[in-house]
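Participant: Please build the complete structure, drawing on both the sequences and the hints.
Protein chains: 4
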Amino acid sequence: MIIVLKPGTSIETTKELIATIEAKGLKPVMLEGTQRNVIAVIGDERALQSINFESHPDIEKATPVLTPYKLVSREIYPANTVIDVGGVAVGGNNFVVIAGPCSVESYAQMTETAAAVREAGARLLRGGVFKPRSSPYAFQGLGVDGLGILSQVSREQSMPAFTEVMEVKDLDMVEEQGAAFQIGARNMKNTRLLTAVGQRKTPVLLKRGMAATIDDLLLAAEYILCEGNPNVILCERGISTFETSTRNTLDLNAIPVLKEKTHLPVIVDPSHGIGVRRWVTPMALAAAAAGADGIMVEVHNSPKDALSDGHQSLHPDEFVALMKALRPVVAAVGRELV
Amino acid sequence: MIIVLKPGTSIETTKELIATIEAKGLKPVMLEGTQRNVIAVIGDERALQSINFESHPDIEKATPVLTPYKLVSREIYPANTVIDVGGVAVGGNNFVVIAGPCSVESYAQMTETAAAVREAGARLLRGGVFKPRSSPYAFQGLGVDGLGILSQVSREQSMPAFTEVMEVKDLDMVEEQGAAFQIGARNMKNTRLLTAVGQRKTPVLLKRGMAATIDDLLLAAEYILCEGNPNVILCERGISTFETSTRNTLDLNAIPVLKEKTHLPVIVDPSHGIGVRRWVTPMALAAAAAGADGIMVEVHNSPKDALSDGHQSLHPDEFVALMKALRPVVAAVGRELV
Amino acid sequence: MIIVLKPGTSIETTKELIATIEAKGLKPVMLEGTQRNVIAVIGDERALQSINFESHPDIEKATPVLTPYKLVSREIYPANTVIDVGGVAVGGNNFVVIAGPCSVESYAQMTETAAAVREAGARLLRGGVFKPRSSPYAFQGLGVDGLGILSQVSREQSMPAFTEVMEVKDLDMVEEQGAAFQIGARNMKNTRLLTAVGQRKTPVLLKRGMAATIDDLLLAAEYILCEGNPNVILCERGISTFETSTRNTLDLNAIPVLKEKTHLPVIVDPSHGIGVRRWVTPMALAAAAAGADGIMVEVHNSPKDALSDGHQSLHPDEFVALMKALRPVVAAVGRELV
Amino acid sequence: MIIVLKPGTSIETTKELIATIEAKGLKPVMLEGTQRNVIAVIGDERALQSINFESHPDIEKATPVLTPYKLVSREIYPANTVIDVGGVAVGGNNFVVIAGPCSVESYAQMTETAAAVREAGARLLRGGVFKPRSSPYAFQGLGVDGLGILSQVSREQSMPAFTEVMEVKDLDMVEEQGAAFQIGARNMKNTRLLTAVGQRKTPVLLKRGMAATIDDLLLAAEYILCEGNPNVILCERGISTFETSTRNTLDLNAIPVLKEKTHLPVIVDPSHGIGVRRWVTPMALAAAAAGADGIMVEVHNSPKDALSDGHQSLHPDEFVALMKALRPVVAAVGRELV
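Protein chains in written order, with this note's numbering: chain A, 1 to 338; chain B, 1 to 338; chain C, 1 to 338; chain D, 1 to 338.
A portion of the hints provided could be inaccurate.
A pair holds if it fits inside one copy or across any two, identical chains being indistinguishable in the list.
Result set (DSSO-like, lysine-lysine): computed pairs, CA atoms no more than 30 Å apart in a straight line [claimed, not checked]:
#1 Lys-24 to Lys-61
#2 Lys-304 to Lys-70
#3 Lys-304 to Lys-24
#4 Lys-27 to Lys-15
#5 Lys-324 to Lys-15
#6 Lys-201 to Lys-15
#7 Lys-6 to Lys-324
#8 Lys-304 to Lys-15
#9 Lys-261 to Lys-15
#10 Lys-304 to Lys-27
#11 Lys-70 to Lys-201
#12 Lys-27 to Lys-6
#13 Lys-261 to Lys-24
#14 Lys-6 to Lys-261
#15 Lys-70 to Lys-24
#16 Lys-24 to Lys-6
#17 Lys-169 to Lys-201
#18 Lys-24 to Lys-324
#19 Lys-61 to Lys-15
#20 Lys-304 to Lys-6
#21 Lys-261 to Lys-304
#22 Lys-61 to Lys-6
#23 Lys-61 to Lys-27
#24 Lys-261 to Lys-61
#25 Lys-61 to Lys-304
#26 Lys-324 to Lys-169
If you are wondering where the hints come from, they were derived from the structure by calculation, not from laboratory data.
Facilitator: Here it is, written out as structure tokens:
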């Protein structure tokens, strides 16, 4: 950590700071500058996280040298983590396709959609039963009934499934039905939920929040890993920017950055990211080319009748076309479609 | 609602759409343009919220004429709502000051801070016991023990208190201790929590999320009101932008916009908004001048020892100076400091 | 255009508005709603651009149905425009690679860099001689001397070159030296410069501004086309967002949106977009996969000695690796590397 | 400057870096950490601006300790700069009101508007004659004819005037007519224009760009001061964010930050900032309360007939009301309305 002192900081204050650092077992080095004095701290500065140097009236800024997260860092675990989701390996050299509707609406809808995407090459299923919606007057999901449908279709179609959890009390229900957890963008900073999924072993697909930096996402994952669950898949799904032509701004820059900083698999959700059906495929291909470990795509057997997100859901035929376009791109970057 | 059809939409499709609208009890009017046809819908278009016109392949865009929220709208209730928080009236012509530390740390810290801010003119107390932090290695709050301290100090100092709730299971505990609810920025879209506080009568201070538009905030409040709890206080606390000199960008533009759109009280948290101690007071004054119904300010009896947010917490002396500067501004805009 | 009137607008005002619309040769249709009245305007509403409906005190909002631009629109010219840049065809089914240093620094630097990128597959050269820098103390470019070097190397290496113009008076000099124009992000809304390049026939590479929406970029291009110069190439190069891990947020979402809205070629500058050398290649591949018509990449024969943007410039060896990775991706999306 | 080396950087490379720093007359201090080595640089690191440490392959990051600007910094000139604009003192303890229409449209419009705002308390006039517009089909200003009108009305009404300049060639014309310069948000990074106004003595009102950080604005001002013109007034006018209820997000946070960092006067343009007429007054009051040195407000004698920005222009009566509301707020913060 590099601590820049304000001009005119007294010797007493400086000595106090130095003592504080030494008390944590680290080594402070005093650098007297022409306009500012600086204290450089040698040792693992994460020991200083409980001290708020920035709240000190004589400190201008305190810049960490190391990242604030540890367990998710590739410096700690250099190799790619591969996560087993019901027998499907996510990460490594694989490229995985997760597909399905935004919301579980009926057994027929799920079966028709799942069969179609399975046939086209998707290996994992998605389907929400607990839906966080902007408006209280919009469809909020089928709840526990939907969970039963999802589970049945998942088994019948041999497609392990992800479904969003919104609260700690949802976890048991979802695990009982054999589904994996998804934590949505709105709950990425819900630390209770992060801690709770951390205490289980079920895989977690963690979506980036709309105002979350890449470091925020990694810290959210750190919440899960530090509780003991290593099975975290990160998901870029678009951030909030001034651009209004697209629903969000899918931030593909996050792919190479995340792949460098962490050993966890990184997938991309182009459906929410760009939010308009006819632009989903180009963003899916771009995600693969940028080095993502997979994509999550919204597909509905009849998008115009979808109870949510129909404007960004692909028709099964469009999904077939997406998969056809995707295969050569995945091959071009030396990955294997699982 | 104004539905713009794509060029070349067939007569059959158009007829189908018209029938769908009529089936909801609304009146469609067909407008044949030179380049686009448009269907204008007459009647309360919120009846159409369950239909995803935007997911229709032949619809270019569907623009609502009315707001998506109802109960929070000033069109429905033109008069200002005044909310009773433990005997302190928030809203109307009053200007209220809520102050206290980011986190409850000890009985001594709370007592010293509360007494100081009470003396200086604050009427309501704040203090977090359940802390959502970016890093799992940072201080997470004293939990239930902190709640006991907050409650005791609140009674002893005659200052009704707000404390953040993070999960449905926190609500009973907080109500038993007599505190009011605060929903933080990270949980603004936690619809479970919104619905649960909506089913109680305890006042709720609802903070705007870092990526939430003004309409998103109003919809979050609508979640609470539509369950039956009218006691919602909105709080602007800064949004995420590209500017890095300040912690967030406190969006004071939201004050006049919210005061026009809704009858609910609107307060401002300049401490989180700008995030640097010495800039808090100017933003507090600006909030008052912009028409806010109050402010929420972080004050700590010894900011440099604070376990969280010390860099933005005022020392009691600084809070006294803030209050001294605030009084004439509040008077200048014709408001009364409660 | 859909004009929503405020509740309580008088009949006289409404009649006046209707008369104003009719005076422009368009047909107003009055729709009486339950809560709001609406005037729908039939005909080419762009005739109404000189009227500021939104400034009218009785109008709540005025939403256009058509786009504000015409000549750049794919609705007007459905086929892809192909632009001849010194014999190299940009657009259509081609995928073009523009490469070179941020700044022209010397004949040796330019020759070495140009020869290397030419050999690796780049067809067009870039090199700035007039440099807009954030700090007045940073290197501002070699100016007219640099232009001579660029021109000579361009001829010797048979690589037509782009160079940034910052002012109308630069245009003659640049044309005399045979280079094509680049308008940088900082000047995208410099309407004088847009108009001036519009009055010539030299190709213009127009970069998106850091706060420019996709529609803003199209309107800037419209400035050029409406003066008579059809040779405009659009360039996405990153927008300003809250994310700080990357220099800007390269917005690849803009690719499918622009390719749908306009017939002009669209290229991507991953170097400025992500701003860190080791992340440039993944973004270049993603740009190709998303449907871009080419990329513009910063390459320097010795990045650590570069006078500007060295942190994002590729070494020639890294550029060779980029091209090797790019070829199969370009082929995978059915494009041809020119 | 604090230079963090990548793990594994060789001793040779480290020595080379140390030699480079010494060659610039600064003192490098080597700090060997447990996970990273760091070189701290002692002395005025601005001497290192020509070296791109960040482009070095072995450097992880290079963080400056000092600000990149000098002449605009309050550390260099601690006292507030007061600027004489045609006899009106801007800065210091004064609070100045600049008012007038977006565009000069006619002698009658200017006279009527100027007389009204002068009567109500404005001391300086604004009026654009060269208008940068998003669309080429929108009104582009009266040009040189407008300049004549502005100059005449400015003299007749004894109100020194500001008008926007877009190109170096505009400067002589504007100076001949006795007006002060305004550089608009779109041209804030137009370094040619900045340098050219820096070589004159006419006051410059410099608006913050829509994607410009506070440091970017200060660097733009540094361009002007370092050429010799000290008469720069900074103007906050709104930045681009995801919020769409307001035209821009007026960033009042910038006021206390700028007032701390620089000695230059800082004014606020609430009209462009929030962009909706009925929300201008609250933001004007908030600007005064936040510590601004003045405001610039759009007023038009008949906003509904305005050729530009009518939706955000105040009617003279509304401006009278604004001034009436403003006086007590200005007094409350201890400032004097000039």
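Participant: None of the hints should be skipped; say for each whether it holds.
Facilitator: These are the hints, each one checked on the structure:
1. Lys-24 to Lys-61: both (19 Å within a copy, 25 Å between copies)
2. Lys-304 to Lys-70: Between copies only: 26 Å across chains, 45 Å inside a chain, cut-off 30 Å.
3. Lys-304 to Lys-24: between (61 Å within a copy, 17 Å between copies)
4. Lys-27 to Lys-15: both (13 Å within a copy, 23 Å between copies)
5. Lys-324 to Lys-15: neither (66 Å within a copy, 35 Å between copies)
6. Lys-201 to Lys-15: neither (47 Å within a copy, 49 Å between copies)
7. Lys-6 to Lys-324: between (60 Å within a copy, 27 Å between copies)
8. Lys-304 to Lys-15: between (69 Å within a copy, 15 Å between copies)
9. Lys-261 to Lys-15: Cα proximity of Lys-261 and Lys-15: across copies only (28 Å, versus 36 Å in one copy).
10. Lys-304 to Lys-27: between (64 Å within a copy, 21 Å between copies)
11. Lys-70 to Lys-201: within (19 Å within a copy, 43 Å between copies)
12. Lys-27 to Lys-6: both (21 Å within a copy, 20 Å between copies)
13. Lys-261 to Lys-24: within (27 Å within a copy, 34 Å between copies)
14. Lys-6 to Lys-261: between (33 Å within a copy, 14 Å between copies)
15. Lys-70 to Lys-24: within (19 Å within a copy, 37 Å between copies)
16. Lys-24 to Lys-6: Classified as both: same-chain Cα gap 23 Å, cross-chain 25 Å, threshold 30 Å.
17. Lys-169 to Lys-201: both (16 Å within a copy, 23 Å between copies)
18. Lys-24 to Lys-324: Result: close neither inside a copy nor across copies, 57 Å intra and 40 Å inter.
19. Lys-61 to Lys-15: both (17 Å within a copy, 28 Å between copies)
20. Lys-304 to Lys-6: Between. Shortest inter-copy distance 15 Å satisfies the 30 Å Cα cut-off; intra-copy 61 Å does not.
21. Lys-261 to Lys-304: This pair counts as between: shortest inter-copy Cα distance 23 Å, intra-copy 40 Å.
22. Lys-61 to Lys-6: Both. Shortest intra-copy (9 Å) and inter-copy (22 Å) distances satisfy the 30 Å Cα cut-off.
23. Lys-61 to Lys-27: both (18 Å within a copy, 21 Å between copies)
24. Lys-261 to Lys-61: For Lys-261 and Lys-61, both the intra-copy (24 Å) and inter-copy (15 Å) Cα distances are at most 30 Å.
25. Lys-61 to Lys-304: Between. Shortest inter-copy distance 14 Å satisfies the 30 Å Cα cut-off; intra-copy 53 Å does not.
26. Lys-324 to Lys-169: neither (40 Å within a copy, 48 Å between copies)
Hints 5, 6, 18, 26, counting from the list given before, are not met by this structure.
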